[in-house]
Amino acid sequence: MDLDTLLSFSWHAMGPEFIILGTATLLSLLDLFLPRSFHRKWLGWLSVASIVAAIVFLLTLIGDTPFAILYDTFRLDSFAIAFKLVLLVAAGFVLLLAISYEPKEKLTEFRGEFFYLFLVALLGAMIMSSSGDLITLFVGLELMTLSSYILVGIRKKHLPSNESAMKYVINGGIATAITLFGMSYLYGVAGTTNLLEMAERLQELTNTQHLFLLALAFLMILVGLSFKIAAAPFHMWTPDVYEGAPIPVTAFLSIISKAAGFILIIRMFITVFYHIPDVSNNSSLLMALQSFLAVLAAVTMIWGNIVALRQTKIKRMLAYSSVAHAGYLLVAVTAFSAFMVETIWFYLTAYLFMTIAVFSLLQLMNIEEVKQLSGLSKRAPLLAVALALTMLGLAGIPGTSGFIGKLNIFLGALSTEPTHYLLAAILIATTVISYIYYFKLIIYAFFREANRTFQMSGKKMNGVIISICVLMTVLLGVFPQLAYDFLHQNFLSFYDFLQ
Amino acid sequence: MGFPFILTIIVFAPLLGVLLLTLVAKTKEKLIKTVAILSTLPSLFLSIYLIISSKMGVELVSYSGKLSWMQFGNPEVFGKLYSIDYELGVDGFSLILLLLTALLSTLAAFASFQIKAGWKGYYMLFLLLEVGMLGVFAAENLILFFIFFEVTLVATFFLIGKWGLYEKERTAFSLLIYNGMGSAILLVVIMVLFAKTGTANIDALMSILSADDGTVFSSKVKTGLLIALFIAFGIKLPIWPFHSWMVKVHSEAPAAIVMLHAGVLLKIGAYGLIHFGLGFFPKQFESLTLWLAILGVINLLYGAFLALSQQELRKILAYSSISHMGIVLIGLAALNEAGIQGAMFQVVSHGLIAALFFYLIGIFYERYQSTSMADLNGLAKTMPIASGFLLVAGLASLGLPGMSGFVAEFLAFLGLFQEWPVIAVIACLGIILTAVYILRAVLGITFGQQEKAKMVRDMTAFEIWPAIILLLCIVGIGVYPDILSSTLKSIIIGLGG
Amino acid sequence: MMEIAWIIPLFPLFSFLVLLIFGRKWRRGQIDFAVILSLVSFICALLVLFARFTQENVKVEFTWLTIGETQLTAGFEVNQLNALMLVIVSLVSFLVHMYSKAYMEGDERITVFFAYLGLFTFAMLGLVLSPNLLQTYIFWELVGVGSFLLIGFYFYKEEAKAAAKKAFIMTRIGDVGLLIGMILLFWQVGSFEYDEIFAVISAGDLSETMATLTAILIFIGAVGKSGQFPLHSWLPDAMEGPTPVSALIHAATMVAAGVYLVAALYPLFAFSEVAMLTIAIVGGFTAIFAATIGMTQRDIKRALAYSTVSQLGYMMLALGVGGYVAGVFHLTTHAFFKALLFLAAGSVIHAVHTQDIEKMGGLWKKMKWTAPLFLIGTMAISGVPLLSGFFSKEEILVSAWVSGHYLLFTLAIIAAFFTAFYMFRLFFLVFGGEEKKEQSAVKESSNWMTVPMLVLALLAIVAGYIQTPWFGTFLGDWLTTGIAANVHGHLDGPLWVMVVATVVTFLGILLAWLMYSKKVLSRDWFTSRAPYTYQLVINKYYIDEVYQYIFVKGSRFVSQILHFVEVYLIEGLISLVTITMRRLSIIGSKFQNGQTQLYGTVAFVGLAILIVVFALTGGGF
Amino acid sequence: MSSVPLSAYLTLAIILFCIGLYGALTKKNTVIVLIAIELMLNAVNINLVAFSKYGMMPSIDGQIFALFAIAVAAAEAAVGLAILIAIYRNRKSVNVDDYNSLKN
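Residue numbers (numbering that gives the first Met the number 0), protein chains in the order written: chain B, 0 to 498; chain W, 0 to 496; chain A, 0 to 620; chain C, 0 to 103.
Among these hints, one or two may not hold up.
Looking from chain B toward chain A, a few residues come up when the C-beta cut is under 10 angstroms (computed) [what the hints assert, rightly or not]:
#1 L31
#2 F211
#3 L215
#4 L218
Covered stretches of chain A (in silico footprint by chain B; criterion: 3 or more residues with CB under 8 angstroms from a CB of chain B, positions within the stretch not fixed) [what the hints assert, rightly or not]:
#5 381-388
#6 579-593
DEER-style ranges, computed between Cβ atoms [as the list claims (entries may be wrong)]:
#7 L583(A) with K27(W): 45 to 51 angstroms
#8 T311(B) with S52(W): 21 to 27 angstroms
#9 I59(C) with M460(B): 47 to 53 angstroms
#10 K377(B) with I20(A): 17 to 23 angstroms
#11 S209(W) with I20(A): 34 to 40 angstroms
#12 L33(B) with I63(C): 36 to 42 angstroms
#13 A73(C) with T4(B): 28 to 34 angstroms
#14 L572(A) with E416(B): 32 to 38 angstroms
#15 T577(A) with S52(W): 39 to 45 angstroms
#16 I560(A) with A373(W): 33 to 39 angstroms
#17 I59(C) with T311(B): 33 to 39 angstroms
Because the hints were derived from the structure by calculation, they are not lab data.
Quick caveat: nothing in here was measured; it's all calculated off a predicted structure.
Backbone N, C-alpha and C define an ideal beta-carbon position, used for all residues, glycine too.
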């Protein structure tokens, strides 16, 4: 490989990644050399700027025909762009949260670390959404995971933070091993790590034993990624880690990390497993194994929603809620409808705004228990309304983007053949169960009298974030076509990553 | 088919009020109330205008229209597009319900004067509730219908949870979960129809499903969907045994909200049963009429018997509502012109009567802080006018001829006797029981010696007129029912009565 | 005139509305207003009656309700029967209005009283004018409401409340029968119109069973309204209302509506022998049954009420045995003399402020007008010759005899004996005998009260002469023209029937005289001999108690059971669901014990299950 | 040269993997748990290398993959140990069972 080859790559495809990477490097250096007196918040603003730059760069890439660089290990297709957009927007909001984050256990000394580690994690997620090779996939995944271990434990003098980091490491390690194990089988059968090539080779596969191995690989990869997306029964780490992690990190885990997991799942499933024939050779391996996915989705929805009922701490409740949402998304994956990718994209977008809003609210109010919400509507009516709207969104009540997202998933599950009636029924039934805990927050905020005064660690920033997110939640709920039009106009050939 | 201009204004006019209210300071009670009441008026006047113009011979279809709203799926890639449009439209039945809703909303806004605190939030939610209710009846699209349906649910949840009486939280929760379940089932049905036929437009679905000979849905699936619809709307109506949430709501919610709840919200269940259940699956509906008739009789008698043993006026009326919804069911079970028309009449009539009752309850509650029979004994002495209205409401409720309740009951029974005479005879027991429990309640409150000689002021001139308007409607329909039946005629024939 | 007969009920309706809405503000003159309106109404009715003598029936209708393609109509009809009824109703109503002006004077709710009277009169006139069953039913119920309101006029009295409720509910039971019968008939005939129903019957398109069924169901309605056994017990209780009300509603008009209904639908009933027999038996039984109770009552109004029940039984009996004219005739005469009796009784009550006949006595001298008028009424109802009751009763007895129901005939004779006995018992106890101390200040009532009584007394004497075996059978001939059933204007019975009836009447009077005036016979002559029978009778055969036990307790019991179902079964099922959810939630939370390795193990188990299932099923391959 | 079949390598890898998993789920000492996870990752490396050499379609990719995996595993161990030190400072224990302050 000489310089010519290197230069011949159209590097601009990786532009956003380079921006993030560069900023992360720069930040680490700055953090090292800048005097202690320099407020590290400015580093946060710098990283926000880099994200904005990356978004802008990414937007300029829209419309190009999909192409790959670095020998097909890095692909830039509309799928990648669309999801990277979600990741970047989410990351921007999370960073804003982080900038205004002022926990009781001072974070000042590690704040610089936080920002560049965060950027690196983001980089990992972005690489995942663009990678065309098992190795890059894996490296991206691990880049994100390893950084998030540290992020979770960043309050290093705070025991819950340490503990949750430790738990995350152990569970995450196991998950990594399982995923990798699955990948190794996949590689073993295909003999290549490139996804497209793999798909091509496996299409002609007829050996039943190999198919068996592939199915095993499928299951193991699914399980490994289920840790990431927090699908039951592989979600158990979620509540503990969410509780122990600082709020911005929790937001990161519940949005970016989850989204990245789904991106990986979709990419691998559609490119590889969808093209592997099953034994009878008239359907694909993915379809043959659909029932496993369905079971996973069902268990996730039921477990997440039911256990959420008993939670008294908001963060733990939200952890289970995020488990439940993973279940809903898995329904979309299971159904594998004609518009699955759009559905998931929309859902993730909707979910992003709602989750950011709720974490921002938590950070603003500086509370942990549900009970502490009492009297919110008297004390801060606007916040209460924002909370209510967010909860309605998460519960999937019409008028919010959560409803449209669920509607879409639902439609997907019912419009395919065979129709997933049972799964759809579970989806809707558990949604009703989820009303109980989402509305519990509303009840406390609106109907209960205050027994204690709040200590708002209020920042204007949070207010801005909340307003934007709530506005988006409602806007996407009332005019969902805004998002869909954007999607259809810019990513018309959404499935171009197969080419 | 342009943009449904008038209907959009009717449905969303109250939303304007919500926006205006956000600008008003929350301490300005008078202003808030004025704004709220004023913003209920456009819908009322416009729906009256629609009724009049339809009587003048303007086709109702000309008011409907649509606007592209959202699309799922990508036609250029997959050739399949699920599009959900913003479609509004009315037929005779929904127009009447639209008017009923608008009327009751205005009156309930008046009745809401008794709300003691938090007017701003209250009226904002109230108007939102009105938007939801109006939207439900104007929606020409199942998904739109569902969205408005849920809006009413959320708004009621807040209104009850915040401004309800003793057990408001539990009640709000119970409302939420029951109705959540109902709407979940409804959503399943809607989405199955949508996913399999590719349209959510009500008229389009009707023609697709009526032309369907088993290619889109097998008849088993249709029956299943219909049963699901029964459950979904049965929770709302409510059909026994899904009624317990509604008893709670009747006894815990603020009176003005119960006016709307009993007057309009429960009727959505009936509207759905008639419009969707019967409209989409007429054949399957026919095969289930026996069960419907039995359920109707159970509702009728169960509600009546339980109303007989209650001590609290609100609870009596709650069970009375259950009983009266039984009439809707038996009317539908008859599945002939008389029966369906009876069900429709009952929907309107009970809406008016229940609203009148709860309007009065609000007045009693404001003065006595109680609605139990023991506390209100001998009201005729202290509040003769209010007692008079209560008596009239009671008589209307027990189906006295000359009032709307009779026409409804009569038609429903007339229909039922043709189809299921034996069941009808059993159901007739309900007529007697209704008289028994209504008289027990009304006489228990108005007659007798006032033991707690608490002198209170009678209804003021200001308070009287909503009751008079309601009474006029009740008597108007009762004396000359053709006023309604001529509007309903076409739709009943359309439903293949 | 007949074309605008619809205006007759509107006067009282107008009176009702005006008094209700403006009555509170209106200090004076509102009563006169009501009285005048009722007079106008009466005059119109009279004109209509005269017009009917010369003209044909009139029927006017408009669409009331559209059911699909069927149109139900409303309107009015004038024929012989209802022209007659119009006059009776509006006349009695007018007289009662007049009477009440004095009787109710001083009551602060007098305006409301007159408003209710207006409502009732409106409904009753509307009922009479109805051309079809549906409209009849509508006014039928409205009449019930008027009655209900007036019975409960003294709303603060617990008895009035109970009586009003009872009256409404018991008549409603009958009404349901009527409703069912009416609807069944509708599905057979396709119309509610009287003339169409009759047309179908005469065409023979109605099956005998169906006719019987519907006729009996409709008759149940009549039973309820006319206080026939077994739905009679509300009528005596209804005496809790003001006395003029008793005169108007519970003697002359509303209770006669049942009889009127049967008469109006006579062709239907006549079509079914079973139905006719049922009517006759119920009527006959009620006549004697109520008469026995009437002999024991101490309350003057209750005694009269049982007498009313008994007389209504008589009318039913007449109709049942085919005496269409006899029934209607007795209805007419009874309206006059019973209204007279009630008004006179009211006059007495007004004067002595009690209703207990044991506390009255010797009023003959005190009440110079009332006493003779009461006597006229008593003689009329007892069937003393030459008074109206004599002729109408005789007509009934003849009908019964001619029809061949000898048992019923015997019952009727015995009932006549009882009637004479208890009516004169009343008379002697109230007006005869010694003056009671506490009644020293008794005064005759004012002219507003005596004049109506006078008019009624006059009618009670002369009304009989429109249908007599001697002076012509004008009423019968007129009534029966154009009736779609086999009825006779007059039946010629054997002369001895009249003789027997007269003898029996005088025997009854004699017995009463001996017991209560002469006191030759001890008053407990009978009671001491048959104490159990006496107990049974004085307690009204325990009918109320039986009803209380079966229906009131029964429904309360069902209600309790359902309450149990509601609380334990339905709520229980709900809690079962919530508890299950909570349990599941707890179990789920148990796993979350903070031990990372447990989390890993759960995940491993999950993976293992997936793989095992995959291996076992062959992975769905 | 080699007569050791592919399946032997795969079996070895599975066994190692299972041992690692067992250790990670049962050992009380956090250091050992981390080592067990390393073991699982290394089991994968055996797989990868074996496939790369004796697979159905041998290629060099597997070995490259293995190198990446080794690097990631090392990083993971480093991060794990760093966090362990942090938690040890606060909790004074390396016993996994003691890390249970976060629970329902």
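Checklist entry - Taking the beta carbons of T311(B) and S52(W), is their distance inside 21 to 27 angstroms? => result 57 angstroms, violated
Item to check | Proposed interface contact between L215(B) and chain A, which counts if any beta carbon pair is under 10 angstroms | outcome: 7 angstroms, holds
Item to check | Supplied contact hint for L218(B), tested at 10 angstroms Cβ to chain A | outcome: 5 angstroms, holds
Checklist entry - Is it true that the C-beta distance of L583(A) to K27(W) lies inside 45 to 51 angstroms, as the hint says? => result 49 angstroms, holds
Item to check | Cβ separation of S209(W) and I20(A), checked against the hinted range 34 to 40 angstroms | outcome: 51 angstroms, violated
Checklist entry - With a cut-off of 10 angstroms, does the beta carbon of F211(B) approach a beta carbon of chain A closely enough for the hint to hold? => result 7 angstroms, holds
Next on the checklist: I want to verify a distance hint. Is the separation of the beta carbons of T577(A) and S52(W) within 39 to 45 angstroms?
Outcome noted: Once the Cβ atoms are compared, 50 angstroms apart, the range 39 to 45 angstroms for S52(W) and T577(A) is violated.
Checklist entry - Mind checking, does the region 579-593 of chain A have 3 or more residues with a CB under 8 angstroms from chain B? => result Result for this restraint: holds, n = 10.
Next on the checklist: Range first: 17 to 23 angstroms. Now tell me if the beta carbons of K377(B) and I20(A) are that far apart.
Outcome noted: For K377(B) and I20(A) the Cβ distance comes to about 47 angstroms; the hint is violated.
Next on the checklist: Taking the Cβ atom of L33(B) and the Cβ atom of I63(C), is their distance within the range 36 to 42 angstroms?
Outcome noted: Given range 36 to 42 angstroms: holds, Cβ gap about 38 angstroms.
Checklist entry - How about the region 381-388 of chain A: do at least three of its residues have a C-beta closer than 8 angstroms to a C-beta of chain B? => result Result for this restraint: violated, n = 0.
Checklist entry - Does the hinted range 28 to 34 angstroms hold for A73(C) and T4(B) at CB? => result Holds: the Cβ-Cβ distance is about 29 angstroms, inside 28 to 34 angstroms.
Hint violations for this structure: numbers 1, 5, 8, 10, 11, 15, 16 and 17, all remaining hints satisfied.
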